[in-house]
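Participant: Chains as they are written, first to last, in this note's numbering: chain C, 1 to 105; chain X, 1 to 160; chain F, 1 to 84.
If you are wondering where the hints come from, they were derived from the structure by calculation, not from laboratory data. Hints are supplied without guarantee of correctness; some may be wrong.
[Unchecked claim] In silico lysine-lysine, PhoX-like type, Cα no more than 25 Å apart, as pairs:
#	chain 1	residue 1	chain 2	residue 2
1	F	K80	X	K126
2	F	K80	C	K87
3	X	K152	X	K126
4	X	K152	C	K87
5	X	K97	C	K87
6	X	K126	C	K87
7	C	K87	F	K76
8	X	K126	F	K76
9	X	K152	X	K97
[Stated by the list, open to error] Here are some chain F residues the structure puts well away from chain C; computed CB gaps all over 10 Å:
#	residue
10	Y51
11	G81
12	R82
13	L83
14	D84
Idealized CB from N, CA, C, for every residue including glycine.
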Amino acid sequence: MEIREIIVGAFLGVGCFFVVVASIGVVRFPDFYTRLHPAGKSDTLGQALILSGLMIHEGVSVVSLKLFMIIVLIFIVNPAASHSIAKAAYLAGVEPWKDKEGGRS
Amino acid sequence: MSFLLTALIMFLFWIALSWQFEPLYLISGVASSLLVAYLSHDLFIGQADVRTGVIRLFRFFAYVPWLMWQIVLSNIDVARRTLHPGMPISPTIIRIKNIYRTEMAMVLLANSITLTPGTITIEVNKHEFIIHAVTREAAEGVLMGGMIERVKRIEGGDDV
Amino acid sequence: MFDAAATVITLAAVLVLYRAIKGPRVYDRALAVNMIGTKTVVLLALIGFIYKRPHFLDIALVYALMNYISTLAFLKYREKGRLD
Chain C
1 MEIREIIVGA FLGVGCFFVV VASIGVVRFP DFYTRLHPAG KSDTLGQALI LSGLMIHEGV
61 SVVSLKLFMI IVLIFIVNPA ASHSIAKAAY LAGVEPWKDK EGGRS
Chain X
1 MSFLLTALIM FLFWIALSWQ FEPLYLISGV ASSLLVAYLS HDLFIGQADV RTGVIRLFRF
61 FAYVPWLMWQ IVLSNIDVAR RTLHPGMPIS PTIIRIKNIY RTEMAMVLLA NSITLTPGTI
121 TIEVNKHEFI IHAVTREAAE GVLMGGMIER VKRIEGGDDV
Chain F
1 MFDAAATVIT LAAVLVLYRA IKGPRVYDRA LAVNMIGTKT VVLLALIGFI YKRPHFLDIA
61 LVYALMNYIS TLAFLKYREK GRLD
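With the hints as extra help, turn the sequences into a complete structure.
Facilitator: See below:
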């Protein structure tokens with residue numbers, strides 16, 4: 001067990017943790033807008049960490065370059081996708097869920 | 001000018017993806033990158049001149065580490081709220097004024113807001129950003145956190 | 001190690017599938033389907049490493065683009081009722 005493999009394992013583990021947390025969040029949060037939060041953030045970071053782990057495993061090569069491109073693409077595209085879904089829902093008039101105190105709107 | 005620059009970037013992209021150096025691959029790469037550059041060079045480079053674009057690109061690279069740190073904080077926060085049995089959330093919607101001239105700055109701020117703690121951009125138009133925040137503290141964090149000023153600094157003043 | 005990560009991601013996709021089936025609105029479903037798509041990208045990359053076939057990464061790159069465009073196309077169709 002090399003030291004590099006341990007680092008790769010740590011990246012994969014933390015990334016999987018965030019991906020699972022995002023999935024639990026999407027199932028558990030009470031309304032559509034709050035569900036966007038785990039989908040837009042935890043999912044992005046989790047996937048980026050897993051792909052970074054693969055990059056460290058691979059070292060410097062063309063494969064790493066492709067993985068890096070996928071990471072950049074995920075960082076641009078994932079928030080954009082959740083934003084476009086949010087905007088579509090907002091324009092269609094989906095009401096945000098309020099807590100008992102009643103959030104301002 | 002923008003045509004040749006786009007063709008060059010597309011060809012570098014082709015080489016990075018294929019990593020084959022036989023003549024067949026290189027010739028088809030040149031052909032396809034010229035075709036793509038012909039079809040889309042006005043979209044890819046856009047209206048701003050190249051020097052301004054490069055300056056903004058370097059400022060953007062200086063912004064990325066700060067953004068990464070904010071993303072890590074944001075994810076720990078979301079994970080804590082997700083796994084907390086009582087689920088301490090109080091959703092609210094805020095509006096902030098749009099002070100940017102270029103579309104890239106608006107895209108960057110909207111993207112950064114979505115990636116940082118507890119806030120998501122719902123709608124952007126010429127006058128305002130509409131933001132959904134998972135807690136009131138997160139909503140105040142956007143206004144106080146300095147992100148708006150940082151993105152404005154990347155965009156620059158009137159001359160750049 | 002890679003196969004364990006792939007298994008965990010598949011289980012997470014099953015969790016999201018629950019939200020895609022349950023709804024209640026079409027936007028929740030679109031969100032869930034988009035998330036499953038992005039998980040598929042990571043899964044493709046992991047499969048490429050498990051079977052030592054780096055060409056899977058090209059498929060993953062294209063799938064990431066396709067997934068985003070299909071989400072946008074779905075939302076546009078939903079809003080306007082046509083795609084032109």
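Participant: Now, for every hint given, state plainly whether the structure supports it.
Facilitator: Taking the hints in turn, this is what the structure says about them:
no.	hint	verdict
1	F:K80 - X:K126	holds (22 Å)
2	F:K80 - C:K87	holds (14 Å)
3	X:K152 - X:K126	holds (15 Å)
4	X:K152 - C:K87	holds (24 Å)
5	X:K97 - C:K87	holds (18 Å)
6	X:K126 - C:K87	holds (15 Å)
7	C:K87 - F:K76	holds (11 Å)
8	X:K126 - F:K76	holds (21 Å)
9	X:K152 - X:K97	holds (13 Å)
10	Y51	holds (14 Å)
11	G81	holds (13 Å)
12	R82	holds (15 Å)
13	L83	holds (15 Å)
14	D84	holds (18 Å)
When held up to the earlier numbered hints, the structure conflicts with none and fits them all.
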